[in-house]
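Novice: These are the residues of each chain, in order.
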Amino acid sequence: MILTLLILIPLLAGIIGFAMSGTSAKTLALVGSLATLVVAIVISMGGDTSWSTPWIPRIGTNFSLATDGMSNMLCLLTAIVLPVVIIANWNKEVEKANSFYGLMMLSQAGLMGVFLAYDAFVFYIFWELALIPVYFLCSKWGGEKRVPVTFKFFIYTFVGSLMMLAGLIILSLQNPGLSSYSFESIKAAGAALDPATQQWVFWLIFIAFAIKMPIFPFHTWQPDTYEQSPTPVTIILSALMVKMGLFAVLRWLIPVLPEGVAFWSDTVVILSIIGIVYASLLAIVQTDIKRLVAYSSIAHMGLMSAVAFSDTTVGTHGIMVQMFNHGINITGMWIIVSMIENRWGTRDMTKMGGMATAAPKMAIALVIISLANIALPLTNGFIGEFMLFNGLFQSASPYHMIFMVVAGLGVILGAIYTLNMVQKVAYGETTEMISNKDITTNEYVGLAIVIVLIIFLGVYPKPLLDMTAAISGVVLP
Amino acid sequence: MKAIIAATIIGVILMFTGILVKEKKGMATFAAILFFLLLGVNIWELSTIDSNQPQTFFNNMIRIDRYAVWFNTLMTGCTLLYVLLSGREIQKVGAHTSDYFALISFMLVGLYMLAGYNNMLILFLGIEIISIPQYILAGSDKKNLKSSEASLKYFLMGAFSTGILLMGITLIYGATGSFDISQFTFLQADALNPMALCGIVFLIIAFSFKISAAPMHMWTPDVYDGAPTPFTAYMSTIVKSAAFIAFIKLFHISFGNLGNSWMMLIAIITAATLLVGNVTAVFQQSVKRMMAYSSIAQAGFMLFAIVALNATAWQGLMLYTVTYTVATMGVFAVLMKMKDYTYDGFNGLGKREPLLAFVTTIFLLSLAGIPLTGGFMAKYYVLVAAVEQGQVLWLVIFALLMAAISVYYYFRVITAMYFKQGSPELSSPVTPSDKMMLVVTAVIVILLGVAPQLILNFI
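Read top to bottom, the protein sequences are chains A and B. Position one of the first sequence corresponds to residue 1 (our numbering), numbered consecutively onward. Position one of the second sequence corresponds to residue 1 (our numbering), numbered consecutively onward.
The shape of chain A in the complex, shown without the other chains:
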């Protein structure tokens, strides 16, 4: 029952928020998201729980929610990121703030539903519902080209979800007697399919996740959308929504269609690794700081998806850790980027410089988060990335060495573009700023949470490892 609170609190806060005035909706959103955080912490300490009630018996779907280590971790991440986003953007003037914060909370409710769903139909519903508020958020509050860009994003993901729906329908009808969407029967149905069928059903389902993650060549919506979205929404997209894709692969694909996954895993790993290198190279030549971070995010997700398909326990465990850490790091990165944008009034890196003298505290934060982004030891990025490469190396694929070397190239390239960005923004001659205020209090709080997590989990990752240890053995049979 407590699991429903994770969905209900943001849902109600969102709906009520619509009816309120701007400032009080913002307060309500903060209170709601903090309450959700408390619930998420309580749940993650309580271990496995589940809750189920009949919904539409005719089609064999129950409103089932359940948590394991992975769901717990992602719910916790969602619950941490939302308040951080709200705090960090507290002073930002938003037009029609009540709708803005209402939609933010609704998207959180959708995300929580995705991570908690234990019934394929419920999962599909939340998968779509998480998208709708984001569509409105980007189209209403985004940059100049927001409407066509968001539309492209929406159509892309919508096509993917519809294909997934077809795949899920096929699986649910395998159940003898009435169709059934419970996780167990979907899993049994998938495993019972003959390998040839699994191979094409795999693509029906995987296409949705591939678009969401996104892996090459389904990523083209992503840089534009990240660039055009308002920063709070970009954070939700890049820290949380892309995790939906990876989560779905681990929960609804790999256990469900083992033969299909085995057949296609090399293909997907190759695509992911192409994505890593391709996105890293593109990141190097970007001058727009937001696009740079967007491409770096594709590279990071590519590594995780490559490891997800290489079928190792340590690798899967690494993904769990890295999903959380990437969520935290990228949140910090976007907060800094948005602060930079506010100070200089541009996102063009060639026009920036000298932040270390003009705003030293901000520069320190930027450096720490950038180092975490390139996975320096003693930051949280390191442990995850180490495990990921370990997993890639242990992979049963005959090409595992090549995979590892090429993916390793991505890390080097990652260091190049990240440090290059730090150098251009933080050092060099101070260029003209529209406001050279250093960190404000609310930004300070937001960044402090991020940085404390970065360093804490870098030095002592045990809680995170313990939380997700059980699941990584279970996901891969």
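Some hints here could point you the wrong way.
In silico DSBU-like cross-links for lysine-lysine, where the CA-CA straight-line distance does not exceed 35 Å [what the hints assert, rightly or not]:
1) B:K351 with B:K2
2) A:K140 with B:K420
3) B:K420 with A:K92
4) A:K96 with B:K435
5) B:K22 with A:K145
6) B:K420 with A:K96
7) B:K22 with B:K142
8) B:K435 with A:K145
9) B:K351 with A:K92
10) B:K92 with A:K145
11) A:K140 with B:K435
12) A:K96 with B:K351
13) B:K420 with A:K351
14) B:K24 with A:K140
15) A:K152 with B:K351
16) A:K96 with B:K339
17) A:K152 with B:K339
18) A:K424 with A:K140
19) A:K145 with B:K339
20) A:K361 with A:K152
21) B:K420 with A:K152
Chain B regions said to be covered by chain A (calculated; three or more residues, Cβ under 8 Å) [stated by the list, open to error]:
22) 360–372
23) 399–406
24) 411–419
25) 448–456
Just so you know, these hints were derived from the structure itself, not from any lab. We put the CB at the ideal spot given by N, CA and C, even for glycine.
Add chain B to chain A, keeping to what the hints say.
Specialist: Quick look at chain B alone, frame taken from chain A:
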């Protein structure tokens, strides 16, 4: 049967009211009360019917089962909703308000006959009874050339398709020696009887006309666009639903076991309908015309029920007709309030009339098939029916891609309302009662998406 009689009486009453009472104003309310009574009669009939024991009338020419009566009840409910939503606009169309309501009532008689026919003659009568009032309603705005054009076009096309229908019936009669649709089953012995096959193809063509499936859809955009908006709302929903029930009834009960010989034709018609409806809708500049093409596209999805021909298909069709009807009526009710029917006419509606824009969004999300709206559950059901049938997976994938295209034109309205600046002009002020009815309609749409069993449990 009670409902057929009651609807006829109500039609006659409404006709004579027009002669006796010259007052136009209260007519919509009066009609709403009568339709409410009609709904009561339907519910009464529903309570008397046993789910395993269909009732027959007129020497087995009409055979009413629970599915038919429940469909009638729902459609009568939708008609009541329609009168409440757009009654005021109907009064504005022309001078003969009472006649319009009388014609709607007669159309319901046709609908009841189509849901309950057991004999080709009743099928023919039902289709004629439902069509002729439409020709009149399409041309009811006499001073408007487009309306007259629509009426004439509709009449010519409709008469033509009725001719084909008659030809089909005749050929089937020639092949089987009977008009009784439950007697046709012996056809399976001689599946390749050319006369019977020809008859089936003619019937498919005739029905495709009535449900506006491609390539027999040419009349639809002009007629729907030209007809007065309140009547377009009725034609594109209730009438289409009735034609679909007649379609699936004939083809499942009579020709179902011949499925292999005509299934491919229906599958191709479905694909063509989806393609033409969705792709052409993208290029429209007027929302009303877009809704005309959207109704073609939605017909493509409803055709899945006829492709699949199983228990899920019947349930899906029922759900689809109701959700589609409610959402489309909602969109048209909003459209009637607008002065400018182009997309640009909707610019900035979200600011000017937040509630109007909000309910329109819900209706459009339902038509596009976004979860938690009735439209999603309806699409889900017909797709499941097709997957269960097993042979048309390519069609399912194709339909899903087309559904993604449909998002484009439905969301264009949402984009205009919320993300573009403008000052939309309303043709008439939105009264509190309008708002209340629109909210009720939106609630129905959401409710059907969360709990489709509300409809399906009664079948």
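Novice: A separate judgement is required for each hint: does it hold in the structure or not?
Specialist: Here's how the hints hold up against the structure:
Taking the CA atoms of B:K351 and B:K2, the gap is near 48 Å; set against the 35 Å cutoff, the hint is violated. At roughly 9 Å between alpha-carbon atoms, A:K140 and B:K420 fall within 35 Å of each other, so this suggested pair holds. A distance of roughly 23 Å separates the Cα atoms of B:K420 and A:K92; the hinted pair therefore holds under the 35 Å criterion. At roughly 23 Å between alpha-carbon atoms, A:K96 and B:K435 fall within 35 Å of each other, so this suggested pair holds.
A distance of roughly 57 Å separates the Cα atoms of B:K22 and A:K145; the hinted pair therefore is violated under the 35 Å criterion. Of the supplied pair hints, the one linking B:K420 and A:K96 holds, its CA atoms being roughly 15 Å apart against a limit of 35 Å. In summary, the hint linking B:K22 to B:K142 is supported, as the alpha carbons are separated by about 19 Å, within the 35 Å threshold. Restraint check for B:K435 and A:K145: satisfied, since their Cα atoms lie roughly 34 Å apart, inside the 35 Å limit.
For the suggested pair B:K351 and A:K92, the alpha carbons sit about 22 Å apart, so the restraint of at most 35 Å is met. At most 35 Å may separate the alpha-carbon atoms for a hinted pair to count; B:K92 and A:K145 exceed this at roughly 42 Å. Proximity of A:K140 to B:K435 is assessed by CA-CA distance (about 25 Å); at most 35 Å being required, the pair is judged to hold. About 11 Å separates the Cα atoms of A:K96 and B:K351, which keeps this hinted pair within 35 Å; it holds.
For the suggested pair B:K420 and A:K351, the alpha carbons sit about 32 Å apart, so the restraint of at most 35 Å is met. For the given pair, B:K24 sits about 44 Å from A:K140 by alpha-carbon distance, which is inconsistent with the 35 Å threshold. Between A:K152 and B:K351 the alpha-carbon distance is near 25 Å, which keeps this suggested pair within the 35 Å criterion. A threshold of 35 Å between alpha carbons decides the hint, and for A:K96 with B:K339 the separation of about 27 Å falls inside it, so the pair holds.
Restraint check for A:K152 and B:K339: satisfied, since their Cα atoms lie roughly 30 Å apart, inside the 35 Å limit. At most 35 Å may separate the alpha-carbon atoms for a hinted pair to count; A:K424 and A:K140 meet this at roughly 32 Å. For the proposed pair A:K145 and B:K339, the alpha carbon gap of about 29 Å is at most 35 Å, so the pair holds. For the suggested pair A:K361 and A:K152, the alpha carbons sit about 38 Å apart, so the restraint of at most 35 Å is broken.
Simply put, B:K420 and A:K152 have alpha-carbon atoms about 17 Å apart, close enough for the 35 Å limit, and the pair holds. Remark: the segment 360–372 of chain B is confirmed as covered by chain A, as 4 of its residues place a Cβ nearer than 8 Å to a Cβ of that chain, reaching the required three. Three residues within the 8 Å Cβ limit are the bar, and the segment 399–406 of chain B against chain A gives 4, so the coverage statement holds. As drawn, the segment 411–419 of chain B meets chain A at 4 residues by the rule of a beta-carbon pair under 8 Å; at three or more, the given contact holds.
For the segment 448–456 of chain B, the stated coverage by chain A is satisfied: 4 residues place a CB nearer than 8 Å to a CB of that chain, which reaches the threshold of 3.
Violated hints, listed in ascending order, are 1, 5, 10, 14 and 20; each of the other numbered hints is respected by the structure.
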